[in-house]
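These protein sequence lines map, in sequence, to chains D, S and V.
Each residue of the first sequence is one higher than the last, beginning at 1 in this note's numbering.
Each residue of the second sequence is one higher than the last, beginning at 193 in this note's numbering.
Each residue of the third sequence is one higher than the last, beginning at 572 in this note's numbering.
A couple of the hints might just be wrong.
What the hints assert, rightly or not - Using 27 angstroms as the maximum straight-line C-alpha spacing, the simulated DSSO-like pairs for lysine-lysine come out as follows:
#, chain 1, residue 1, chain 2, residue 2
1, V, Lys597, S, Lys391
2, V, Lys637, S, Lys391
3, D, Lys172, S, Lys256
As the list claims (entries may be wrong) - Chain S residues, not near chain V, derived (Cβ > 12 angstroms throughout):
#, residue
4, Gly215
5, Pro294
6, Leu445
7, Leu494
By construction, these hints were calculated from the structure, which means they are not laboratory data.
Model, not experiment: these values are computed from the prediction.
The C-beta atom is built at its ideal place from N, Cα and C for all residues, glycine as well.
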Amino acid sequence: MIPTSEQLCEAIRVAVPGAVIEIVPSTPAAAQPALLVDCEHAVAVARYLKDEPTCRLDFCSCVTGVDYLAKSFIEVVYHLYSVALKHGPVVLKVRAPRELDQCRVPSLTPVWRGCEFQEREAYDLYGVKFAGHPDLRRILMWNEFADHPMRKDYVPPADYEWEPTPHDEVLKRTKAAGGIMPPSAAATEVKK
Amino acid sequence: MIAEPLINSAGTITTQTLEISIGPQHPSTHGVFRMDVVLDGEIVRALKPVVGYLHRNHEQLAEKMAWLGSMPYTDRLDYFNSMSNNWAYALAVEKLAGIKVPARAEYIRVIMAELSRLQNHASAIGFLLQDCGAWGTPLLYAFKEREKILDFFETVSGSRMMCNYFRFGGVRVDLAEAMLAMARKIVAEFPKFLDEFEKLMTTNEVVLARCQRVGILPKELAIAGSISGPVARASGVEYDIRKVDKYGIYDRLEFGVPVGEVGDVYDRYYIRVLEMREAVKILQQVLRDIPAGPVQAVEVKLRGFKLPAGDGYGRIEGPKGELGFYLVSEGGPKPYRYHIRPPSFINLTVLEDMCLGHKVADAIIILGSIDIVLGEVDR
Amino acid sequence: MNYPGKGLMEGLAVTARNFVGSYFYKDRLTTVQYPEERVQTPENSRTFPFLVFEDSPDKPRCTACKICETECPPKCIYIVMDRDDKGKPMQRPKVFDIDISVCMQCQICVEVCPFDAIKMDNDYEKSKYERFDALVERLPDLLKPNEYYRKVKPTEASEVDARLKAEAEAKAAKKAAAAAAAAAKAAAQPPPAPTGTVT
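With the rest of the complex left out, here is chain D (with noise of 0.2 angstroms):
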């Protein structure tokens, strides 16, 4: 049976000292607490939690990047399974500063070699840069893209051509860059 995250947490401060770990609670219904590491001491809570006996968690399911604005920081959540003992899952989570030449968190990949891709896919959409990884380049965009998507404060670019049925933003947006409008919205302007 998985430790419980309290359980966890007092093992983690004795194996990896120095770990700065606390417990994020989740939906009482989802029940998945998540395990807040510190950058410095992420790599080792990690060996820790893959190779302990009662934990042995050797497979990274999911790897997540979070962008939360409103509190300025950009997280990453790791979640965690164990093939070999059948238990799961464990969430871990990283936070990093938005700002571009702060956003850096450890890499995971050298311990689990799953997370190669993923964490290529959260360099890619939200900036973070993961120190440590064997080759951090863009994966779904193409190379030259200079922008991260996925960031709440993303603003793509005003190229509207033909949008029979614009709305809301969109609408506001082509108004603005003078793209086309269709001949039903044009005529009928609504008079309030």
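Following the hints, position chains S and V against chain D.
Relative to chain D, chains S and V alone:
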């Protein structure tokens, strides 16, 4: 221009490696997928997969739409198994919100998912054999069976592939008796097709020569590389999410999980045949035991559905591997973060390791045996 | 009995049986000579939406409430409510555009419509000669009579008709009951009390 001397100072012929790109327009790359290979003659020395040609920004679109509005988009992820994709998303939302699904809806979900598995594995084997050079014979035999399943999906949900059939807390419409009879007919005829299909390929000397000992994936690399699904099981990893997480009603059903030994292309082909036989067993049990009742949880609203704040990860055993959805909600009608864990994308991590030292033709077959779908890889 | 090439010969026997069999058994021949023959699609199959009207195109069931426009995932519907000369909304659409190059046939507009006004068609032969404006279906193209709905989707249409009729009857019955109750209340009202005493 003076070229390098053909006979170099050591007395051997000067050779060079050749860097070519296989794809993105290629009949055997299962979509717009590119591999940059470094070749020494015909031997692969390095291989880098390049993806992103089908990136449609699904995750960002979902942040602008209501929770239900993303459901049709999940159909288009792994476009061969739209029913399974729908189930993974519905499962993640139900897990986050604590919605309970009525029993008849659970049985219907299993019917759809297992039929989806049948037609996916049949097509995957067909495409693998086409990559081997069989020019479509097993593929079109598989497609003949697949047509029956797609006709069933069309009768039930309205569309052959983009079904949009699952809802949070159940399915969209109930199955009439006539539709259940159609499903029973498909399941009754499937084993005969499988026997004929196997006769074409399993002991065929050409298939054996081309597929055995090619693209071996060791078990430790499979676990370290987060490989899931038939690819991992062929390498000896005994992990099936239906048995581990026991989502839906899989804990009440009796079925086996085939596990391979060697992990080469032939194992990955044969494990899919065995999984099809197990799926037929599951379908027979479910079609026998399906109860009557409602097919949708009453407390779920169609419009204005809000999830409580928090985050959660829900996953299913899709036909290609572990398909998971990580959702972050702020309590509103739209997702804050919507992330898909695609099996095909992550299974490509070890493509280079499997192809090193093999010939180019083998690289094509190894890619075919992983069974990728670009809709899922790129989202 | 094992001989070299046994697997190959068994496979060739399978293909030979299918090939020769296709001359004798119709079900082994799966080609349909489109467009001379057409495969009958199931009744439930869905392609693009259309609007239903009962008696005349001036009175569609649609009230331009814009619920389908809000819920449509790719936002392919554009609705403008019709207003009379004084600017008062007449509960029907003046503009109803569906861009069928964007529509993904997901059927969510049909599910959320509270008036059974928009339904899915199963006509799939919609090719046009132009790419841009021709793929936008406007209100005149979309409006189709209820007879058409009954023709292409008999089971669904009869269900919808039965439900709408039952709702109309229930509403009429409720109205009649309310009128009867009001009349009964007025009749049973006691005569007004005398304002003064009669001496």
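Quick rundown of the hints versus the structure:
1. At most 27 angstroms may separate the alpha-carbon atoms for a hinted pair to count; Lys597/V and Lys391/S meet this at roughly 23 angstroms.
2. At roughly 57 angstroms between alpha-carbon atoms, Lys637/V and Lys391/S are farther apart than 27 angstroms, so this suggested pair is violated.
3. Distance hint between Lys172/D and Lys256/S is fulfilled; the C-alpha atoms sit about 16 angstroms from each other, no more than 27 angstroms.
4. No Cβ of chain V approaches the Cβ of Gly215/S within 12 angstroms, the least distance being about 27 angstroms, so the stated non-interface status holds.
5. Every beta carbon of chain V lies more than 12 angstroms from that of Pro294/S, the smallest distance being close to 19 angstroms; the non-interface claim holds.
6. With 12 angstroms as the threshold on Cβ separation, the claim that Leu445/S sits away from chain V holds: the shortest Cβ distance comes to roughly 28 angstroms.
7. Residue placement check: Leu494/S does not keep its beta carbon more than 12 angstroms from all beta carbons of chain V (closest about 6 angstroms).
Of the numbered hints listed earlier, those contradicted by the structure are 2 and 7.
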